[in-house]
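Participant: Let the hints inform the model, and build the full structure from the sequences given.
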Amino acid sequence: MAVLPASAQPAGWRRHWTPLALLAAIAGAWGVFWEVAHELREDAGQPDQGFPFDRPLLDALHRHPTPALCRLAGWLSALNGPVWWGAYALMAAFVVGLLAWRHYRGLGFFVSAVGGTMGLNLLAKSLFERLRPAFYSEVCWEPAQTLPDVSFPSGHTMVSVAVASAAGILLWRSRGRWVAWGVGLMFALGVGWSRVYLAAHFPSDVLAGWFAAGAWVWSTYLVFSRYAGELKTWSREVLHLAQDPGAG
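Number 183 in the numbering used here belongs to position 183 of the sequence shown; there are no gaps in the numbering.
Any given hint could turn out to be false.
Said to hold, decoys possible - List of simulated lysine to aspartate or glutamate pairs, DMTMM-like, C-alpha gap at most 20 Å:
1. LYS125 / ASP149
2. LYS125 / GLU35
3. LYS125 / ASP54
4. LYS125 / GLU39
Calculated directly from the structure, the hints in this document are not laboratory data.
Facilitator: Put into structure tokens, the structure is as follows:
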């Protein structure tokens, strides 16, 4: 009788728990995104084209705007402003640094994570073509602007999550990893909040963007990391067990 490798026995689950937990989290994130997308397509005929929580959250944010929050939202949303120029500089620094250090695997991961997120956003927008919120004549005491592209999911949100997550992953072995993750988290959350505060997106656009970008970046990481090999080995061992239940 064949003997099942130890890694496929109960103790093997503990040995492979990190990639398996990561795989489960990625699957959950994709599941949330697709559930939101599915519900959106099902409700496309509704006047607001949104979820029950969309309009109340938008109204709550727009009921009592403040000059300080309006300025902050504008800074976080302006792609030609200092906040986003800082993000562009960070992306350029990572590309140049990874090239200089000949860290081609890291470079491939970073480009695939950020570039793939942008491509995923464009694809999703072309598939769903959700209109942007049009409930308010004024936003922050100025006439509401009609943006030219569609709403779902939020591109600002997805790119901010992709840049923050990819940078945090690459800096994980550095001393400043917690600072990087903290700043990145504040950036991604702040950008998502700003898009809703300025009525540029429904809250569900931002929610879907967070999960879609996170799922894409961590899926990309799984492909480029050593965990891909671990999962391949584990799947072979599980398949062996399924084919020979009496093994071990």
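Participant: For every hint, state whether the structure bears it out.
Facilitator: Hints and how they fare:
1. The hinted pair formed by LYS125 and ASP149 meets the criterion: a straight-line CA distance of about 8 Å does not exceed 20 Å.
2. For the proposed pair LYS125 and GLU35, the alpha carbon gap of about 16 Å is at most 20 Å, so the pair holds.
3. At roughly 18 Å between alpha-carbon atoms, LYS125 and ASP54 fall within 20 Å of each other, so this suggested pair holds.
4. Our distance criterion of 20 Å between C-alpha atoms is met by LYS125 and GLU39, whose separation comes to about 15 Å.
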